[in-house]
Amino acid sequence: MESEDDMHDANDVESLDDFYSGDAAASDDDERDFDFAKSDDSDDETFHPQRNYTILSEDDIRQLQEEDITKISTVLSIPRIQASILLRHYNWSVSKVHDAWFADEESVRKAVGLLEKPVVDPKLNAVEVTCGICFETYPRYRMGAASCGHPFCCSCWTGYISTSINDGPGCLMLRCPKPSCGAAVGQDMINTLASDEDKQKYSRYLLRSYIEDNKKTKWCPAPGCEYAVDFVMGSASFDVCCNCSYNFCWNCTEEAHRPVDCSTVAMWILKNSAESENMNWILANSKPCPKCKRPIEKNQGCMHITCTPPCKFEFCWLCLGAWSDHGERTGGFYACNRYETAKQEGAYDEAERRREMAKNSLERYTHYYERWATNQSSRQKALSDLQKMQTEHLEKLSNMQSTPESQLKFITDAWLQIVECRRVLKWTYAYGYYLPEIEHAKRQFFEYLQGEAESGLERLHQCAEKELQVFLDAVGPSKDFNEFRTKLAGLTSVTRNYFENLVRALENGLSDVDTHGTCSRTHSSKSSGSKSKGGRGKGATSRYESTQWSCRHCTFVNVRPNTECEVCRQRRQNASATITFRL
Amino acid sequence: MATSTQGSLLLHKQLKDLTKNPVDGFSAGLVDDSNIFEWSVTIIGPPDTLYDGGYFNAIMTFPANYPNSPPTVRFISEMWHPNVYPDGRVCISILHAPGEDPNGYELASERWTPVHTVESIVLSIISMLSSPNDESPANVEAAKEWRERRDEFKKKVSRCVRRSQEML
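Going line by line, the protein sequences match chains A and B.
Residue 347 in the UniProt record's numbering is what sits at position 347 of the first sequence, and the numbering runs on without skipping anything.
Residue 90 in the UniProt record's numbering is what sits at position 90 of the second sequence, and the numbering runs on without skipping anything.
Next comes chain B alone, as it looks inside the complex:
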């Protein structure tokens, strides 16, 4: 319970900060004002990438023991990317608790630690959009296409971008 209040205090603080001083590249708010653990973020496709011009909506769900455990992030907008599961869930290493891989401690720095905030997570996702990691893909099809048939990959992504604009 103590951790839960710690988590909600921290999230309230971040929400206040982000509303007062918005960060370039995304906007964030709550899905439902009564629930501080569920955020809705809109990520603007980073310029000079295939996702340029898109407005992608995602839901961030925080666990009760945030910041000691990571949130999950899921795109609501259609998304085609090697590191995004077909159902929209984002797969990046900083969203994985170090405990999930007891032997992978050498990569601990790339995994979840409590210093991460909504801002640092979204910035990681933006950087993921500009440079996909096809070594450990969440969407194998997308990864194969990205590697072997870049044209088709581009076409699918621009369709996602167009759809996201229509949704506005």
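Bound-form chain A, shown alone:
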């Protein structure tokens, strides 16, 4: 018994260490890069153990910015202030500044507004000068000027600078107030002329600009997080885990969504936005008033509908004709002969069919959405449970079972696995929604894998939540604890395997079931390196083979031959191009 347990434990701890960084204590760089694809069969892995991004704190950002400014300032032999203006102009790319400067220094100076000498002769003998803004005359020493030498009085400069800083980040490109001059106003002038508050704002904008204007850096999108991410372009995986513990996709800055690709996630998020679903609901459950066209929902009562004021039009719900044409002779309040006759003649087919389809599509969507949302909230719950576990329960348990906390790592591992699996599972529902109905084999395979993974996860979650509770409630050491350890560690590893299979299958577009051996075979042969693109890209293509297509604009599900959405009249996107490719 003992030895078996230990073996189990040892194995798990070892493999999990590779995967997870999430431990509160773990701040090691390599550890943070956990990844499902990093599986045991390492022969087909092109994954590099180094992290392909760096998390930057505000101090790091300042330091990098200073370093870049120093580089430019030294190489170009220009003051730091000018180097900063130059870098901002070229989106903080040192190499672009070099290229442009050494290609044509003069035109760069002109475009950026860095003058070598003043254009206005500083009449040194003049004691008094007139300000170009307020036309007051001041002694020379009370005037200020940018590198061009156009003199303005200090109070006008202050007003000018303050207005521009309060207008937003455009103040980083401030120029001399004289039209046609264009000399740049740098941070040195800001620092001598602006108020402390404005100076702070300015330096904040300068810092933000370094991240926002730079192509290889982005802010962490988590609310309130102040870290930025420096990403190595061209990396295989877009997954980023910020020091604030938020996981997100560098490419689309939505939360991490592997193995589902960015475009599916974008479609799903658009679909979840209230606007588009409202539209489908209204379509499925209401009819427009024949007179004022406002949508009306009939929840009970007879067919005699009176629209709300100011319209007040009275009509028949079934045939939408004026109620004045109705009555006993048309079947009374609960029927409509006119409708029945017309329906038999096929007059209502189109509208009915449309409403029916909207209803079906809504039901289908609701199915996936509910599961997506449930996993989302389960994950949140698991996260807080994990935290509680780490902050209080582990210590308690360690005392109770007389086991060192280091021996309880299997519990943390289980919870980390649960959190990650909930995330993956959640996104597989978005994937499933967009997997075409017509691809029976793929759907079956997908649903099988998803089902396996899900039931594994449920068992694990149940065990970590309920069975652990027993030991937390216990008063003394329990002899069942070792058994529990084996079970939980086992479930963790089994669930991990299920999810690895699921992730791998989705990342190569479920190509294992493609028995026709068409283009997907070539895809799957060695596509694990570029997994973020290749796999699901194919899935997205095959979506159009279905007999239905979802409108990109309003998400209404249309039937195949139509190229225009029945609801919003938007043209179907990419349809023809994709079909040509597939045929």
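There may be inaccurate statements among the hints.
Covered stretches of chain B, as calculated for chain A (at least 3 residues, CB under 8 angstroms) [said to hold, decoys possible]:
| hint | region |
| --- | --- |
| 1 | 6-18 |
| 2 | 66-80 |
| 3 | 111-125 |
So the derived label-pair ranges between C-beta atoms look like this [claimed, not checked]:
| hint | chain 1 | residue 1 | chain 2 | residue 2 | range |
| --- | --- | --- | --- | --- | --- |
| 4 | B | R159 | A | F102 | 55 to 61 angstroms |
| 5 | A | N562 | B | R163 | 54 to 60 angstroms |
| 6 | B | R159 | A | K293 | 40 to 46 angstroms |
| 7 | B | N133 | A | T54 | 45 to 51 angstroms |
By construction, these hints were calculated from the structure, which means they are not laboratory data.
All C-beta atoms, glycine included, are put in the ideal place defined by N, C-alpha and C.
For chain A, the structure is supplied; the task is to place chain B on it using the hints.
Here is chain B on its own, set in the frame of chain A:
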């Protein structure tokens, strides 16, 4: 508040200067003597243009933080011009703060800067009257007419000129 007094001092100074040394082509005064931030200007249609002979009235409204932000100018007289909105507001680049277009800094020289005065603004409007910019029209109809049916455009402008004379 400091800026507001700065603005009103500056406007008082300009008013004094313009009354003492009037500039050819326009006359300027206050709408209401107690409010230095609202000016009434009469622009004389520039000679040798379609607007020749017209006397066009406009209201210039200055913000409290003038000269750091630009005034708005609106024609009271009927006006037909590609760069004047149908409601009379004048649309020229020097009346736009540079901050409104953070990416357009290369055109900063054409935008508002605090060195502009009533005189420089009115002179810009006069130059706008003689050479409309139909690239970014405020009045699309007028711009299309100016480009494609110059005769009709001329007819409408001369009607504006006549009306403005009748108003005198």
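Structure-based check of each hint:
Figure legend: the region 6-18 of chain B, annotated as covered by chain A; annotation consistent (4 residues with Cβ-Cβ distances under 8 angstroms, at least 3 required). With 3 residues carrying a beta carbon less than 8 angstroms from a beta carbon of chain A, the region 66-80 of chain B meets the three-residue requirement, and the given coverage holds. With 4 residues having a beta carbon nearer than 8 angstroms to a beta carbon of chain A, the region 111-125 of chain B meets the requirement of three or more and the stated coverage holds. The supplied range of 55 to 61 angstroms is met by B:R159 and A:F102, whose beta-carbon atoms lie about 60 angstroms from each other.
Evaluation of the 54 to 60 angstroms hint for A:N562 and B:R163 yields a pass: the beta carbon distance comes to about 55 angstroms. Checked against the given bound of 40 to 46 angstroms, the beta carbons of B:R159 and A:K293, roughly 42 angstroms apart, stay inside it. The hinted range of 45 to 51 angstroms is satisfied by B:N133 and A:T54, whose Cβ atoms lie roughly 48 angstroms apart.
When held up to the earlier numbered hints, the structure conflicts with none and fits them all.
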